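A.B. asks: Residue numbers (the working numbering), protein chains in the order written: chain Y, 1 to 297; chain H, 298 to 457.
Treat the hints with care, as some may be off.
Cross-link-like lysine-lysine pairs, in silico, DSBU-like; alpha carbons within 35 angstroms at most [as the list claims (entries may be wrong)]: (1) Y/Lys222 - Y/Lys270; (2) Y/Lys78 - Y/Lys140; (3) H/Lys362 - Y/Lys189; (4) Y/Lys12 - H/Lys394; (5) H/Lys435 - Y/Lys12; (6) H/Lys392 - H/Lys433; (7) Y/Lys200 - H/Lys362; (8) Y/Lys233 - Y/Lys249; (9) H/Lys435 - Y/Lys293; (10) H/Lys362 - H/Lys394; (11) H/Lys406 - Y/Lys222; (12) Y/Lys101 - Y/Lys175; (13) Y/Lys222 - H/Lys402; (14) Y/Lys101 - H/Lys406; (15) Y/Lys56 - Y/Lys235; (16) Y/Lys293 - Y/Lys247; (17) Y/Lys101 - H/Lys430; (18) Y/Lys101 - H/Lys394; (19) Y/Lys175 - H/Lys430; (20) H/Lys433 - Y/Lys175; (21) H/Lys394 - Y/Lys222; (22) Y/Lys249 - Y/Lys173; (23) H/Lys394 - Y/Lys78; (24) Y/Lys78 - H/Lys426.
Hints in this document: simulated from the structure, not taken from any laboratory.
None of the values given here were measured: they were computed from a predicted structure.
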Amino acid sequence: MRDIISSYDFSKSDFEEIFELADKFRNISPPKILKEKTVALAFFEPSTRTYLSFNKASINLGASVIGFSGEEGISVAKGENLADTIRMLNNYADIIVIRHKFDGAAKFASEVSEKPIINAGDGKHEHPTQTVIDLYTVYKNFGDIDNLTFGIMGDLRYARVVNSLLRGLTRFKPKLVYLISPPQLSARKEILEELNYPYKEVNDYNEVIEEVDVLYVTRIQKERFPDESEYEKVKESYIVDSTLVSKMKKDSIVLHALPRVNEISREVDKTPQAKYFEQASYAVPIRMAIFHKVIGE
Amino acid sequence: MEAVNKRELIVSKIKNGTVIDHIPAGRALAVLRILKITEGYRIALVMNVESKKMGKKDIVKIENKEVDEKEANLITLIAPTATINIIRDYEVVEKKKLKVPEVVKGLLKCTNLTCITNNDIEAVSEFRKISEKPLKMKCVYCDTVIDENEILKQILGSKS
Ligand SMILES: [Zn+2]
Numbered sequence: 001m002r003d004i005i006s007s008y009d010f011s012k013s014d015f016e017e018i019f020e021l022a023d024k025f026r027n028i029s030p031p032k033i034l035k036e037k038t039v040a041l042a043f044f045e046p047s048t049r050t051y052l053s054f055n056k057a058s059i060n061l062g063a064s065v066i067g068f069s070g071e072e073g074i075s076v077a078k079g080e081n082l083a084d085t086i087r088m089l090n091n092y093a094d095i096i097v098i099r100h101k102f103d104g105a106a107k108f109a110s111e112v113s114e115k116p117i118i119n120a121g122d123g124k125h126e127h128p129t130q131t132v133i134d135l136y137t138v139y140k141n142f143g144d145i146d147n148l149t150f151g152i153m154g155d156l157r158y159a160r161v162v163n164s165l166l167r168g169l170t171r172f173k174p175k176l177v178y179l180i181s182p183p184q185l186s187a188r189k190e191i192l193e194e195l196n197y198p199y200k201e202v203n204d205y206n207e208v209i210e211e212v213d214v215l216y217v218t219r220i221q222k223e224r225f226p227d228e229s230e231y232e233k234v235k236e237s238y239i240v241d242s243t244l245v246s247k248m249k250k251d252s253i254v255l256h257a258l259p260r261v262n263e264i265s266r267e268v269d270k271t272p273q274a275k276y277f278e279q280a281s282y283a284v285p286i287r288m289a290i291f292h293k294v295i296g297e
Numbered sequence: 298m299e300a301v302n303k304r305e306l307i308v309s310k311i312k313n314g315t316v317i318d319h320i321p322a323g324r325a326l327a328v329l330r331i332l333k334i335t336e337g338y339r340i341a342l343v344m345n346v347e348s349k350k351m352g353k354k355d356i357v358k359i360e361n362k363e364v365d366e367k368e369a370n371l372i373t374l375i376a377p378t379a380t381i382n383i384i385r386d387y388e389v390v391e392k393k394k395l396k397v398p399e400v401v402k403g404l405l406k407c408t409n410l411t412c413i414t415n416n417d418i419e420a421v422s423e424f425r426k427i428s429e430k431p432l433k434m435k436c437v438y439c440d441t442v443i444d445e446n447e448i449l450k451q452i453l454g455s456k457s
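Using the sequences and the accompanying hints, generate a full structural model.
C.D. replies: As structure tokens, then:
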């Protein structure tokens, strides 16, 4: 592989190979395939979790890490245009992991860069490595991704993890995907038009909650809304609490890319369905496996 | 060019160049804009002439420039009915077949304000065709889809 911009960049066998590698890396100490290599973490938009997990994955594979994040990243974003920053990083790094607030920034960076680019989130567009983590968690819990019923809930319009997950699922055969959101936050038509599996849009989760195997909850992010009053109207549309979870199948699971605000109440954490901390624990082995695919081929 | 031949007082034949006929009335200037023809060429514009097929139409003649395949295809975005004839030594030597272009680079603006193409001076917009009828094109950076109305609005300006 070269660049990872979209979850479409993974074939089904890429997903399977990454899952296998991640299994391996969780048990043995991984080969230092990034020894004498440098990974640049170019986080123009802050994200502690994603930054730390890419950082740890790089170090585990023997890489040196350079980069910026947080306030520093924001000021780099303001300073020069993206292309110039990428050209600069090309002189120092062998792989560039980029997080940026504009949609399509990672693809644009990949056109400028001679080194592989990994998209760690671009605006409201995509976050493909998160999708690998999400699907790996499903795979670990069910042994399969096919034939399951998914409920993807919350902000389906501005959440990039949703775009990436919906696209990633085209590599599998989900039984049915429920898209649960208020009408203002429904999934984008251009994404839905591409899907090759059955899906249904619903507003009320009560209609479908008993059928769902995987409930994927998203955060409603204020900064993605073009208009703040729109955000105020929908910010607490869906809250997952223990009453809701009690209606779910016994072996169903609840996922969330974290961090959460209040869309999953803390009482849910102790229920057997809560798998979002397990999901978070896969971030490093999955990102190690992804580096392996990018550098190893 | 049935009706037009009788009205040669309007525009005489050209020796070498391109004649673009059957442009929907009022869009001749937009055709020139799409071809990025501003100065240096001798151009004849005929607007709002009678046409059997179209009621009214525009015609553009450009001297000493042969419109190429890519340019011809761009014309479909605003003038799908247009016919393009290449003229050499007063004769039509080629009639261009028009196809909606697969890729349009730099011409259209992404309607998504947070698209990188609207926010970085080096990022050039690029759209890929996803359907011809109805015409829909998708931004390769952020996946935003623009339709025929939006394309017409952008190229023709707000007045249409
Ligand atoms: Zn765009």
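A.B. asks: For each hint, tell me whether it holds in the structure or not.
C.D. replies: Structure-based check of all given hints:
| no. | hint | verdict |
| --- | --- | --- |
| 1 | Y/Lys222 - Y/Lys270 | 28 angstroms, holds |
| 2 | Y/Lys78 - Y/Lys140 | 41 angstroms, violated |
| 3 | H/Lys362 - Y/Lys189 | 42 angstroms, violated |
| 4 | Y/Lys12 - H/Lys394 | 40 angstroms, violated |
| 5 | H/Lys435 - Y/Lys12 | 25 angstroms, holds |
| 6 | H/Lys392 - H/Lys433 | 26 angstroms, holds |
| 7 | Y/Lys200 - H/Lys362 | 54 angstroms, violated |
| 8 | Y/Lys233 - Y/Lys249 | 30 angstroms, holds |
| 9 | H/Lys435 - Y/Lys293 | 29 angstroms, holds |
| 10 | H/Lys362 - H/Lys394 | 17 angstroms, holds |
| 11 | H/Lys406 - Y/Lys222 | 26 angstroms, holds |
| 12 | Y/Lys101 - Y/Lys175 | 33 angstroms, holds |
| 13 | Y/Lys222 - H/Lys402 | 33 angstroms, holds |
| 14 | Y/Lys101 - H/Lys406 | 19 angstroms, holds |
| 15 | Y/Lys56 - Y/Lys235 | 33 angstroms, holds |
| 16 | Y/Lys293 - Y/Lys247 | 40 angstroms, violated |
| 17 | Y/Lys101 - H/Lys430 | 34 angstroms, holds |
| 18 | Y/Lys101 - H/Lys394 | 42 angstroms, violated |
| 19 | Y/Lys175 - H/Lys430 | 32 angstroms, holds |
| 20 | H/Lys433 - Y/Lys175 | 30 angstroms, holds |
| 21 | H/Lys394 - Y/Lys222 | 49 angstroms, violated |
| 22 | Y/Lys249 - Y/Lys173 | 20 angstroms, holds |
| 23 | H/Lys394 - Y/Lys78 | 47 angstroms, violated |
| 24 | Y/Lys78 - H/Lys426 | 33 angstroms, holds |
Checked against the numbered hints given earlier, this structure breaks hints 2, 3, 4, 7, 16, 18, 21, 23; the rest are met.
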